[in-house]
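A.B. asks: Listed below are the residues making up each chain.
Number of protein chains: 4
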Amino acid sequence: MIVVLKQNPNEAQLASLMDWLAEKQIDVHKSVGTSHTILGLVGDTAAIDTDLISALDIVEDVKRVQEPYKHANRKFHPDPTIIPVGNTTIGGGSLTLMAGPCSVESEEQIVAIAKQVKASGATILRGGAYKPRTSPYSFQGMGTRGLELLKVAREETGLPIVTEIMDASQLPEFADVDLIQVGARNMQNFDLLKRLGRQEKPVLLKRGLCATYEEWLMSAEYIMAGGNHNVILCERGIRTFETYTRNTLDIGAVPVLRRLTHIPIIIDPSHAAGKAWLVPQTAPAAVTAGADGLIIEVHNDPAHAVCDGPQSIRPESFDALAKHLYALHDFLASHPAPTLV
Amino acid sequence: MIVVLKQNPNEAQLASLMDWLAEKQIDVHKSVGTSHTILGLVGDTAAIDTDLISALDIVEDVKRVQEPYKHANRKFHPDPTIIPVGNTTIGGGSLTLMAGPCSVESEEQIVAIAKQVKASGATILRGGAYKPRTSPYSFQGMGTRGLELLKVAREETGLPIVTEIMDASQLPEFADVDLIQVGARNMQNFDLLKRLGRQEKPVLLKRGLCATYEEWLMSAEYIMAGGNHNVILCERGIRTFETYTRNTLDIGAVPVLRRLTHIPIIIDPSHAAGKAWLVPQTAPAAVTAGADGLIIEVHNDPAHAVCDGPQSIRPESFDALAKHLYALHDFLASHPAPTLV
Amino acid sequence: MIVVLKQNPNEAQLASLMDWLAEKQIDVHKSVGTSHTILGLVGDTAAIDTDLISALDIVEDVKRVQEPYKHANRKFHPDPTIIPVGNTTIGGGSLTLMAGPCSVESEEQIVAIAKQVKASGATILRGGAYKPRTSPYSFQGMGTRGLELLKVAREETGLPIVTEIMDASQLPEFADVDLIQVGARNMQNFDLLKRLGRQEKPVLLKRGLCATYEEWLMSAEYIMAGGNHNVILCERGIRTFETYTRNTLDIGAVPVLRRLTHIPIIIDPSHAAGKAWLVPQTAPAAVTAGADGLIIEVHNDPAHAVCDGPQSIRPESFDALAKHLYALHDFLASHPAPTLV
Amino acid sequence: MIVVLKQNPNEAQLASLMDWLAEKQIDVHKSVGTSHTILGLVGDTAAIDTDLISALDIVEDVKRVQEPYKHANRKFHPDPTIIPVGNTTIGGGSLTLMAGPCSVESEEQIVAIAKQVKASGATILRGGAYKPRTSPYSFQGMGTRGLELLKVAREETGLPIVTEIMDASQLPEFADVDLIQVGARNMQNFDLLKRLGRQEKPVLLKRGLCATYEEWLMSAEYIMAGGNHNVILCERGIRTFETYTRNTLDIGAVPVLRRLTHIPIIIDPSHAAGKAWLVPQTAPAAVTAGADGLIIEVHNDPAHAVCDGPQSIRPESFDALAKHLYALHDFLASHPAPTLV
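Chains as they are written, first to last, in the numbering used here: chain L, 1 to 341; chain S, 1 to 341; chain P, 1 to 341; chain C, 1 to 341.
Accuracy of the hints is not assured; some may be wrong.
Since the list gives no way to pick one copy over another, a pair counts as held whenever it fits inside one copy or between any two copies.
[As the list claims (entries may be wrong)] Each computed BS3-like pair below joins lysine-lysine, with the alpha-carbon atoms no more than 25 Å apart:
id : residue 1 : residue 2
1  : LYS118    : LYS323
2  : LYS63     : LYS6
3  : LYS201    : LYS118
4  : LYS275    : LYS323
Hint data in this document are derived by calculation from the structure and do not stem from the laboratory. The model shown is predicted, which means the values in this text are computed figures rather than measured ones.
Just chain L, with the same shape it has in the complex (with noise of 0.2 Å):
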């Protein structure tokens, strides 16, 4: 950490700050220059408040040089992490496709989806059964009805299923859920992640609309520091002042996540367009990033989608694109990216 103090900083303040550094056994290096005073922190700076520091009359600045996140750190764990997920895992190399419709509207409608993703390669199904929606005069989602029919969905076909948690208390009811989705606009919703952290589930993280790729990983933090470290990223879409889609999927943050930490990461190129014309496109750009996975919305008859149908694929075009996908995938396992020399 470093420390810029003001011009002729005050020394009784100066002292009082060496000495509580000292106390939390913090080694200081000051640099002396004509217009800046800088102090070099070494120690284990990251259970120090720098908002406490800023707030010194004596201090101009404070700049963390370490990241404030541990558990989610890629330099603790180099390796990346596997996330068993039902019968099959996130992570490590492969390429997951988890596929469905926005919304649970039906037991017939979910199933049938659920068949045709599988036969089509999708090794996990989505549904919302719990829908964040802007509008309360919106359909909010079949709920309990809909995780039930979920179930259905998995007993007929295997395939483990991801689902969205809106609220803490709906806890019990995802005791049973393979994998457990926190909204985008849940991604700093504290007490849920906190909560999310004291059971054993795995969770997919979306990012926040308008999340830095630091605060998403404190968020992660959240959820690890409690003791759950299965945690998957998702990526999916960002706000900019870009209107023509409904969100600027931020593609690069694959390779600049897989840098900084060691959880897989997964892409929704659904929800960042909102133009289901797009995720044929953008979809395969997310697997050449390095993404580990995708997921995507596929419904049988997205005119008639409750929710969210113009982002929707047919299980057609989905069944072309899963094909496409995989190819792809193969393809880049022979044919790797360079490092740089």
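For chain L, the structure is supplied; the task is to place chains S, P and C on it using the hints.
C.D. replies: Relative to chain L, chains S, P and C alone:
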């Protein structure tokens, strides 16, 4: 609502759309152009899910003409709403000052600050018991004990209290809080909003870091649709590309919201900037823009505050600022901004 | 075009608007609703300035239905355009690799790099003679001498050259440049665009840091409206809230632009990231998304490059990357992404 | 400047860096930690290109401590600068009102508006002769004839004139303009900035749509480094995710810039909002925040303005607004915002 059709739409699909709209008692006016056909939909279109129409193959675009919020809409409630909070009110032309520390730290601290800010003219005491912190390793607030100490400070001063709720499960503890704050990160925690709509305490709804005005008003609508019309909006800075300040304070939100809604609007200049020295400059600008009040962080020892010290001002500074703000508010009451001719 | 009127519009003003539109041979279809009246305008609405209509007291909102660009619009030119650049072409299914240093530094440097990137498969040499630098105290490029050295390198290798123009007054010097680059900061330097439209050299138009797709295409339209249809678009990262990378590379821009325009689309993965190690990850993703080419910074001694060293890769790395990109492009040629059914 | 080294840096490379810094007479203070080594660089670091250091293999990060601008830096020029413009001045505690139409349309129009705004208290006349328009098909301004008409209006009223330059080649025509405006889209047109630095007319430098404070000040530095210290900054709204207003007016920019620089700061409330009805609300807030002046669009017939009608106010409204702003400015002169204790 306006529906733009693709060129040469399939006739059968168009007929099916027309029938579906007729069923919903929507009148359709058709304008046929050389490259596009436009449908003007007239009737109670708020109940129509635009996503359903967007998903149709024949549709190029759907545009809403009417705002999707009703209870919050000024068109249907032209008079400003005045919200009772404990022994005071917010809105309707008065200026409300809420002040207090970021976090409750001790009885001595919160009572001392409460007395000071009351003497300076604050009418509501703020203080955090549960704190949303980016890092799981940062101080998370005193919790239940913090709430108790806030009540002690209320007892001592008579000031109503405002404090942040983090999760619906904390609601019983908040039964005796005068104004329940929903933080920026929970602005779209829809389960929490629904629960707050089913109780009667007024709610201070902060704007999400990247929430549009419409999304923010839709979150207010969630609370109001549940039956609780005691909602107050609080702008606290939005996330932009600028990193010099923590966030960019959107002072223009005040007149915009004044036009869109009848709900009171509060400005938080402390969190927006993250720099205490900006508060005495931006707070008066917010009053001038017409804000119904301000929520300001005040700490008797900012350099040793357990959180957010850099943005807190001392009680002496708050005293001078409050006098300035009230004088300015009086001036503006007798010198209102002109309306356009 | 759609005009939404306010409630109870002044009849005289409405009549005056109707007359004005009739004069311009625009047909108007009126839909009267309970709260709004909607006018559907049909005819050559591209020539109507929406601002004029928005300014009317009786108008609440104006929405365009048709894109405001014509020459750049794929609707009117469904086939992809292939642009000749020196002895090569860009677009139409081939993959173009442009490579070279950020700045030309010496004859030895530029010739050596040119030979290396040509041997690796690059077909166009990039190199900066005039450099847009945020600080007046940073190296501003070699200028005229830099242009001369680029031509020497072209002579030695046969590679056409692409380099950035900063001001219209430099045009005579660029008469012999094969592809003239307009930088992100000049994307809306309309005088420069007009001048480039009145000459014949192809133009590589970079996207502004916060330009929407439509604004970018309108800048292309400026050049094309002048008569020069040899325009190539280049996405180089947009400005977002994320600060870990210099900019956020919008790979989704490729399929979006492919749908909106017939103009070739190039990706610059070097400037987007500002980190060399990201280039081998994002460049293949861009190829997969369907980019017509890439422009990549290559330096034989990045640690001593006079500018932008952190994002340059070495010739050896470029060699491996180029092989990878061509192999991937070949694979995709025989395994195209599916289209939706 | 602070250099953070990677773990176990190559010794030879480190020695080479130390030698290079010593040559430049930079003192280096080294802090060795368990995971990182930090170098504190002390001396005239403004002349060091951080990119060169970032590019080194052994370097993880480089952070500037000192601002990269000098002439514009308030640290070196604590007193506010007062800029003479024709027969008036800008800065130093006075309030400057610039007013006039978006575009000059006719002698009758510009002279009439000039007389009206002068009578209302404006001290500078604004008016566009050359207009930056997103579309090549929109009205581009009257050009030379527009400049002549502005001078006629100056003759008639005595008001100095401010108008926008689009390209350095127009400079001879601007020799007799009192204040030369650089538009947001040209804020980083470095050739234009350099040319403006080599002449003496004052420059009104608008903030780019997504320019940081530092980039904006660096653009001012370009002009000042050339010898022309007559620079005035103008905030006109930044681009954010919010689309209800055209841009988001950053009123907080005023106190921030006041701290960073001695240059006067003007606010343009008209372009920021794109909605005339917001101007009477945001303009007073800007004055309260400490702006040195405002530039406001006034048109005697906004509904028939040839451009930007929706954001223009009528002369009668400007008259009421100007009175309000001067009264507010007087009030604030006798009731200054408190400074922190």
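A.B. asks: So, against the hints stated earlier in the document, which numbers end up violated here?
C.D. replies: none
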